[in-house]
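Residue numbers (this note's numbering), protein chains in the order written: chain A, 288 to 686; chain B, 93 to 389.
Certain hints may be false.
With a straight-line cut-off of 20 Å between C-alpha atoms, the simulated DMTMM-like cross-links for lysine to aspartate or glutamate are [to be verified]: (1) K391(A) / E316(A); (2) K554(A) / E206(B); (3) K512(A) / E224(B); (4) K385(A) / E366(A); (5) K415(A) / D638(A); (6) K686(A) / E450(A); (7) K512(A) / D96(B); (8) K415(A) / E316(A); (9) K391(A) / E541(A); (10) K325(A) / D352(A); (11) K554(A) / D96(B); (12) K512(A) / E541(A); (13) K512(A) / D354(B); (14) K676(A) / D482(A).
No lab work stands behind these hints: they were computed from the structure.
So you can see what is in the structure, the chains are spelled out below.
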Amino acid sequence: MKKYLKSSVILVLVVALLAIFPMGCTQEETIDAGDTYKVGALLDLSGPCSNLGIPEKQTAEMMVDQINAAGGINGHPVEIIIYDTEGDNDKAALMAEKLINQDKVLAIVGPSRSGTSMHIIDTVTTAKIPLVSLAAARSIVEPVAQRYWIFKTPQTEYEVIPEIYSYLQSANITDVAIISDTGGFGDAGRTLLLDLADDYGIDIVDDQTFADADTSMISQVTHIKGNNPQAVVCWSTDKGSAIVAQDMKTMQMEDVLLFMSHGVANKAFVTAGGDAVEGVIIPAGKVLAADEVPDSDPQKEVLVSYRDDYEALYGVGSIDTFGGHCYDGLSWVILALEEMVDGLTLAEARDFIRGEIESMPEFNGTSGVFNISPEDHLGLGTGNLYMYKIVEGEWIWLK
Amino acid sequence: MSADQFLQYLISGLTMGSIYALVGLGFTIIYAVTRIINFAQGEFVMLGGMLSFYLISSAGIPLVPALILSVLTATAIGAIMYILAIRTARRASVVSLIIITIGAAVFFRGIAGEVFPWGVDIVRPPYFTGSESISFLGAYIHPQALWIIGTTLGVMVLLHLFLSYTMVGKALKACAISPVAAGMVGINPKAMALIAFTLAAALGGIGGVVMAPLTLTYYSVGFMLGLKGFVAASIGGFKSPIATVVGGFTLGIVESLAVGVDWGPFTSSYKDVIAMVVLLLILLIRSGRLAAEERVG
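Excised from the complex, chain A in its bound form (with noise of 0.2 Å):
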C-alpha cells in the first residue's frame, strides 16, 4: 500500500512537470493573421457586487458580438473569456493565473472591486501582462510607479466628493452630516470627505457608521438629527443606503437634503429604495442623462450609442454607469489591438498593448474624457460627472 502511495505521488508529480513544460514553450509562439485575440475579464458575477459584475458582463459580450459581425479586428476575431470572481480574492487571484497561464489572454478588464483588484496586482504585474481594473479605489493606480501594468476606469471620491461639495457651496449649505458604512468603500469616502471640508467652507456636524450586518439605522440618524444638519451626505452601497434613507423619511427629516455616493447609481437602488429614496441626490456618470447632454459635449455621441445598443438588447431603462466602465476600459484594449501587427509573440504583444493604453490620445469614454499618461493611469479630471435627483423613481439631472 505503501509503495503504491510512493508511486502514485511519483506519477502525479511527472504529470504535473509535463504540464508545466509546454506552458513554457508556447510563450514563443507568435500571433499570425486570422488568429483569435483572446481578451480576459474578472467579474464579480456573483457576491456582493454582482450588481456591477452583470451589467459589465453583458457589456463585455455585446461589444465583443459587435466587433465579431463587423469581421473583428484586421480580421483577427476576438474572443471574451469571462470569470467570476464571487467578490473573493483569493479567487480572483486563482482566475487571473488561469486567464494568464491556461487562455493566454492579451490582457485583462476587471475586477469589479477595489478589495478583488488590489490583490491581483502583484499576480498581473510578475506576468506582465495589462489590467484595466473597473474598480473605484485611487489606489489601484498609486504610486503609479509600481502600477506599471495597471490601468482603471472609474471615478475615484477624488473625482466625486468635490463635485458634491461644490454643488453644496453654490447652494449656501455649510453644516453637513456623514454617514458611511465600515467597509473598504464608505471607509475611503469618509476620510476624503473629512479631509476636503474645510477647502469648500463646511463644517462636517456629525459623522456616523455603521456595519454591514447592520438592519436598522435609526439610532445613527437619531444622533444626525440632534445635530441639526442641513444635508447629509450617505457613503455606502445599495442596502446601507438605502435603509439611511428610508430610515432619515420615518424620522421626518424631510427638509434635510441627503446625498449619496455614486456607488448606488443604478436601477435596483431606485426600484427596492421606493418611495424612500425620492429626492435623494446623487453624482453620477453622463450616462444616464445620455439625451440632455449638450452636442457641444464631446461625450455626447459615445453616451448616446452605447445607451442605445445596451438598452437594445437589455431593455430600456437597464443603463447603468458600471457597464460603461467596462465600455470604456474594454475600448482601450480593443484600440490597442486595432494598432497591433501581426507576428508578436504573446510577451511582445501585452507589452505592445500596455504601451499603447499608456500612450492613447484624450479618449472620449462613458465616464469622461480621458487623459492617461505614464503619470496618471486614470486620467480623468474634474466636471465628468453630473448631479442626479430621484423624481418618480426616475434619473433627474439637475442642471
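Given the structure of chain A, go ahead and fit chain B onto it with the hints provided.
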C-alpha cells in the same frame, strides 16, 4: 441626550432587537431539542422575505395570502432539509451535523441567487400598512417596525404556551431537558427533531416576511442576520423563547445606545465593539452563575 432622543434610541433598539430575536428563536428551539446549531437558520429568514417579494411582485398574489404562502413554503423547505440532510446522517456526531447545516446554508444562498428573476439585486416587499411614520412622545416609529415588534412578542407568547400546555410542546421540552429520559417514557427523539426543524423554519419564514420590507432582502442577507440571531440566542442561553427575546432586546438596545452615548472619541464606529464588550460581560457573569448552580446542584 435629551429624553425624546433616549426614547428614540430605545425604540430603535427594540426594533433591531426584535429582528435579532426572531432569528434567534429558531436557533434556540433546534439547539434545545437536538444540540445542533443550525447555521442555515438565517437562510429561512432570507427565503421568507424573497418568497414574499416574488409572490407579491412577480406572481401578483395579494399581500396576506402571499405572506402565508411564503411562510408555508419556507416551513416545508425546513422539514425537507431535516429529512434529506440531517436525518440521513443520523449516525454522525453533532459537530458533523452542524457542518451539514453550514453546507445547507451555502446551498440555499446559491440557489436563491439563481432562481429568482431579479438575481442578486436587493429588493423590498411592500410595507404591510404604509410608510407614514407614527409620532409617539416626540419619537418616531415606522409602522413596519411596530409589526416586527408585535410579531416578535406574539410569536414568543404563542411558543411559550405551546411548550407549556400542549402534549407535543411538553414532549419537546422533555427532549430538551433529557433526551434519554424522554426516550424512556416513549417520546421519539427523531420525530421531535423533525418538529423542531420545521418549527424553526416557520419562525425564520415569519421573521423574513415581516422584516424584509424594513431591512430589505437579497440572496445573501441570511448569513449576517444569522450571526446576530445566534448572539441573541446565546445571551438567552438557548433556554426558552422568553430568554431568547430578552437576549435579542438586550443586544438591540445596547447597540442602539452605544450609538447615542458620546463617550469622547467613541463615536458610532465603536458601536459594535461596545455591544460585544457588554455581551461578553453578560456571558461571563452568567456562566459564573451557571457554574455555581452546577456545584450546588
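Index of numbered hints that the structure contradicts, given in increasing order: Result: hints 9, 11, 14 break, sorted rising.
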